[in-house]
Structures are given as C-alpha cells and as structure tokens.
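Peer 1: Sequence:
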Amino acid sequence: MSNKLRLCEAASVKDGEPVAAFAEGMPALAVYNVDGEIFVTDNLCTHGNAMLTDGYQDGDIIECPFHGGSFDIKTGAAKAFPCQVAIVSYPVEIDDGWVCITKPEGAA
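Each number in the working numbering corresponds to the 1-based position in the sequence shown with 23 added.
Simulated from the structure, these hints should not be mistaken for lab results.
These numbers were taken from a predicted model, which means no experiment stands behind them.
Be careful, since some hints might not be right.
Cβ pair distances, simulated, as ranges [as the list claims (entries may be wrong)]: (1) Ile84 / Asn26: 19 to 25 Å; (2) Ile117 / His90: 30 to 36 Å; (3) Gly91 / Asp58: 33 to 39 Å; (4) Asp38 / Thr125: 22 to 28 Å; (5) Ser35 / Ile84: 18 to 24 Å; (6) Pro105 / Ala51: 17 to 23 Å; (7) Gly91 / Glu128: 30 to 36 Å; (8) Pro50 / His90: 28 to 34 Å; (9) Phe104 / Gly59: 27 to 33 Å; (10) Pro127 / Ser35: 30 to 36 Å; (11) Ile84 / Ala51: 28 to 34 Å; (12) Gly71 / Lys27: 27 to 33 Å; (13) Gly91 / Glu32: 16 to 22 Å; (14) Asp77 / Lys97: 16 to 22 Å.
Once the Cα atoms are required to be at most 30 Å apart in a straight line, the calculated DSS-like pairs of lysine-lysine come out as [as the list claims (entries may be wrong)]: (15) Lys27 / Lys37; (16) Lys126 / Lys37; (17) Lys97 / Lys27; (18) Lys27 / Lys126; (19) Lys37 / Lys102; (20) Lys37 / Lys97; (21) Lys97 / Lys126; (22) Lys126 / Lys102.
Quick reminder that beta carbons are idealized off the backbone N, C-alpha and C, glycines included.
Full structure from sequences and hints, please.
Peer 2: Here's what the structure looks like:
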C-alpha cells in the first residue's frame, strides 16, 4: 500500500493563491506556488483557529487572516508575532501532474 497522498493538480495552484487540500488521516493542508515551485504545509495557524489559505500570500510568506502573524511557506518557520510555533511543512513530489506528499509515520 502506497503512503503517497495526491492532493490536487499542480496546474490548479497559482502563484500567490494558496489552495486548501484534504487527505484522509491528515490535518487540513495548504498548497502554495512560490515562483513556480510547489510547497505544502499544515493549513491551520498554530496561534489561532484560522485557515492559512484564507490569509494573504506575499512571495514565500503566508499571513494568518486572524492576527497578522506569518509563516515561511518553504520551511514552516514562524516569521511574525503573534505566531511563535512553526507549522509543519511536507516534502512535495509532482507525480503525473499531481501535487503529492508522503503520509508521515504515525499518521492515521
């Protein structure tokens, strides 16, 4: 059984317009296009109960829509207060035009 999860078609992810994605056994995910490169992180802000895909993407930074805190899309690192805890980022593979990640060990 493959642990590869298909999230969305890569062509559907436009630069600066993050896409919400869902996969069984995973938290809500966000898919980003940064200068033609695709990235995937958890979609829920670690500070408040907000979906990051509802926020504002500026290059490789995603700003939470609730309090203006932000994260580095490429690494998940918290970049602006009040966010202090990183979001999870996932290695991405493009397979037959689909954005894919590998289900982490221990995920349901």
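Peer 1: Please go over all the hints and tell whether each is borne out by the structure.
Peer 2: Here's how the hints hold up against the structure:
no.	hint	result
1	Ile84 / Asn26: 19 to 25 Å	violated (30 Å)
2	Ile117 / His90: 30 to 36 Å	holds (33 Å)
3	Gly91 / Asp58: 33 to 39 Å	violated (23 Å)
4	Asp38 / Thr125: 22 to 28 Å	holds (24 Å)
5	Ser35 / Ile84: 18 to 24 Å	holds (21 Å)
6	Pro105 / Ala51: 17 to 23 Å	holds (20 Å)
7	Gly91 / Glu128: 30 to 36 Å	holds (34 Å)
8	Pro50 / His90: 28 to 34 Å	violated (20 Å)
9	Phe104 / Gly59: 27 to 33 Å	holds (30 Å)
10	Pro127 / Ser35: 30 to 36 Å	violated (24 Å)
11	Ile84 / Ala51: 28 to 34 Å	violated (19 Å)
12	Gly71 / Lys27: 27 to 33 Å	holds (31 Å)
13	Gly91 / Glu32: 16 to 22 Å	violated (31 Å)
14	Asp77 / Lys97: 16 to 22 Å	holds (20 Å)
15	Lys27 / Lys37	holds (23 Å)
16	Lys126 / Lys37	holds (24 Å)
17	Lys97 / Lys27	holds (20 Å)
18	Lys27 / Lys126	holds (6 Å)
19	Lys37 / Lys102	holds (23 Å)
20	Lys37 / Lys97	holds (16 Å)
21	Lys97 / Lys126	holds (18 Å)
22	Lys126 / Lys102	holds (26 Å)
Comparing the model with each earlier hint shows violations of hints 1, 3, 8, 10, 11 and 13; every other hint is respected.
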